[in-house]
Amino acid sequence: MNDVALAWEQFRFERKLFWRNPSAAFFNFLLPVLFLVLIATAFASDEDELDVLIPGIAGMGVLATTFTALAFNLTMLRDEGVLKRIRGTPIPAGAYLAGFIGSAALNAFLQVALVVVIGRLAYGVQWPEDPLLLALFTGLGVVCFAALGVAYAHVIPNEDAAPAYTNAVFLPLLFISGVFYSTDDLPTALAAVAEALPLKHLIDGLSDAIVGGAGAAGAAAVVGAWALAGIVLAVRFFRWE
Amino acid sequence: MPNLAIEVSELRKSYGPVEAVRGLSFEVEQGEVFGLLGPNGAGKTTTVEILEGYRQRSAGEVRVLGRDPEERDRRLQERVGIVLQSCGFYPRVTVQEALSHFARAYPAPRDPDETIALVGLEEKADARTKDLSGGQRRRLDLALALIGDPELVFLDEPTTGFDPAARRTAWGVVRRLKELGKTVLLTTHYLDEAQELSDRVAIVKDGRIVAEGPPDQLGPDSSRYRVSYVSDGRRVEHQTDDPTELLHRLTRDALARGERLDGLEVTRPTLEEVYLELTREADAL
Numbered sequence: 022m023n024d025v026a027l028a029w030e031q032f033r034f035e036r037k038l039f040w041r042n043p044s045a046a047f048f049n050f051l052l053p054v055l056f057l058v059l060i061a062t063a064f065a066s067d068e069d070e071l072d073v074l075i076p077g078i079a080g081m082g083v084l085a086t087t088f089t090a091l092a093f094n095l096t097m098l099r100d101e102g103v104l105k106r107i108r109g110t111p112i113p114a115g116a117y118l119a120g121f122i123g124s125a126a127l128n129a130f131l132q133v134a135l136v137v138v139i140g141r142l143a144y145g146v147q148w149p150e151d152p153l154l155l156a157l158f159t160g161l162g163v164v165c166f167a168a169l170g171v172a173y174a175h176v177i178p179n180e181d182a183a184p185a186y187t188n189a190v191f192l193p194l195l196f197i198s199g200v201f202y203s204t205d206d207l208p209t210a211l212a213a214v215a216e217a218l219p220l221k222h223l224i225d226g227l228s229d230a231i232v233g234g235a236g237a238a239g240a241a242a243v244v245g246a247w248a249l250a251g252i253v254l255a256v257r258f259f260r261w262e
Numbered sequence: 036m037p038n039l040a041i042e043v044s045e046l047r048k049s050y051g052p053v054e055a056v057r058g059l060s061f062e063v064e065q066g067e068v069f070g071l072l073g074p075n076g077a078g079k080t081t082t083v084e085i086l087e088g089y090r091q092r093s094a095g096e097v098r099v100l101g102r103d104p105e106e107r108d109r110r111l112q113e114r115v116g117i118v119l120q121s122c123g124f125y126p127r128v129t130v131q132e133a134l135s136h137f138a139r140a141y142p143a144p145r146d147p148d149e150t151i152a153l154v155g156l157e158e159k160a161d162a163r164t165k166d167l168s169g170g171q172r173r174r175l176d177l178a179l180a181l182i183g184d185p186e187l188v189f190l191d192e193p194t195t196g197f198d199p200a201a202r203r204t205a206w207g208v209v210r211r212l213k214e215l216g217k218t219v220l221l222t223t224h225y226l227d228e229a230q231e232l233s234d235r236v237a238i239v240k241d242g243r244i245v246a247e248g249p250p251d252q253l254g255p256d257s258s259r260y261r262v263s264y265v266s267d268g269r270r271v272e273h274q275t276d277d278p279t280e281l282l283h284r285l286t287r288d289a290l291a292r293g294e295r296l297d298g299l300e301v302t303r304p305t306l307e308e309v310y311l312e313l314t315r316e317a318d319a320l
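Just so you know, the sequences run in chain order C and Z.
Per the numbering used here, the first sequence starts with residue 22, numbered consecutively.
Per the numbering used here, the second sequence starts with residue 36, numbered consecutively.
Note that these hints are calculated values from the structure, not bench results.
The reader is advised that the hints may include incorrect statements.
Far from chain C, by Cβ distances over 10 Å, these chain Z residues were calculated [as the list claims (entries may be wrong)]:
| id | residue |
| --- | --- |
| 1 | Gln131 |
| 2 | Gly170 |
| 3 | Leu179 |
| 4 | Phe197 |
| 5 | Lys213 |
| 6 | Asp276 |
| 7 | Asp277 |
| 8 | Arg284 |
Here are some chain C residues pointing at chain Z (derived, C-beta under 8 Å) [to be verified]:
| id | residue |
| --- | --- |
| 9 | Asn42 |
| 10 | Asp72 |
| 11 | Lys105 |
| 12 | Arg257 |
Virtual Cβ for every residue (Gly too), placed ideally from N, Cα, C.
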């Protein structure tokens, strides 16, 4: 098989693995939707709040399906010796990682689509103003947070530490990046931290694509810069065991 | 000249200030089963992992099927099967699915079902890997190493954790590999395993080879034949480098006295005795 066929085989295999793992399915799909439904129900009459919440939850979905899932799974695969086994076969590293990361990317796109559809059907939020921009920004977010997730896995010492390490980033990032409420209300110090990190800018971009208004170009520059840094770190420090 | 599957010459590997492998050389012919023996920390696994392409050597020359494993050439990986000492599985796939998945990475793989049968896992073909026992996981390790139909198989402690029946199965598999003309590099703690399976063994101690040869001819120069018999209800033992002369003397004297030498035995030191003597000797240095 050539590299593309092997990457495809790996991708299909990863899809099978994903659906057999109930906790992965919960954290990747159910948790963001659960947040969406609980919070949206509380603010269902407030259109402005919903316009913040829908892109925010979409951003959370990208973070959960790429950064959190990849950092967690890669640590587990490394700790269990699965990566070492793969390293001992003719499967090229690029084909393996393409299939592995591609599966996470598909989850991110499914999650964003799910959030937009629920927002429209259940809460009357408009269909995305600019679907192409939404797809592009989701793609950029996937590249950024997938790379950062792979890079972050290098820092996590072992499988047991993985939930603590990933949640230590995931949860604070949600609360400062405007997932549940607008960052306009944050204290300046926290706002400055959020401003330096990529999630807020991803949400700004998604927001621009879905409800319009926020400047997507500046947001894309920040997310793109983090993506580059993430790729460099992910490749530079990759370890198979 | 026979084709060499593995050539190792003056191999060295340091981890920081620690030199784990200190100038190790050996060759393995194609079709041969070669055993690497030695205590923990002797450098066996480091050596094998260099041959498998996992580690970079500090110095020396290495050729595996004519190629340098450090280059990690895919054409080499396709011809090699690896059983590592410990190595995980995807937990939520079945034995059959794991083999079918990895089979696709090879140009001419074995049939997954036939490979499952070869290692004796038929009853567990549809079990998920996380539900396998330790010995069954080791059989799956072996099956995954064989799925690409490799010319050369690395077996690092392949039967650790096996019950006696599973060990016999694994030994049968290694003999089958040999019949098929495959080359096997085996590391093991079990001396009976090395003796049973290997055409030649090398004993590694402190990163060097201290003895090498067919298991039944291996031994330091001091190793002696033992000649023993029972006399007055007690076993009498003599050690000698020249059993012919000793036997002749003993039997001649016994005949002269009109006695029989009951329970007469001539034995070579077992591999275990040679091993213990060599590794102890090296310890004293």
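Going through the hints against the structure:
1. Gln131: About 13 Å separates glutamine 131 of chain Z from the closest Cβ of chain C, which puts it past 10 Å; holds.
2. Gly170: holds, 17 Å
3. Leu179: violated, 7 Å
4. Phe197: holds, 19 Å
5. Lys213: holds, 22 Å
6. Asp276: holds, 46 Å
7. Asp277: holds, 49 Å
8. Arg284: holds, 57 Å
9. Asn42: For asparagine 42 of chain C, the interface hint holds, since the closest Cβ of chain Z sits about 6 Å away, which is under 8 Å.
10. Asp72: Nearest chain Z Cβ about 39 Å off; hint violated.
11. Lys105: Holds, about 6 Å.
12. Arg257: violated, 17 Å
When the structure is compared with the earlier hints, violations turn up for hints 3, 10, 12 and for no others.
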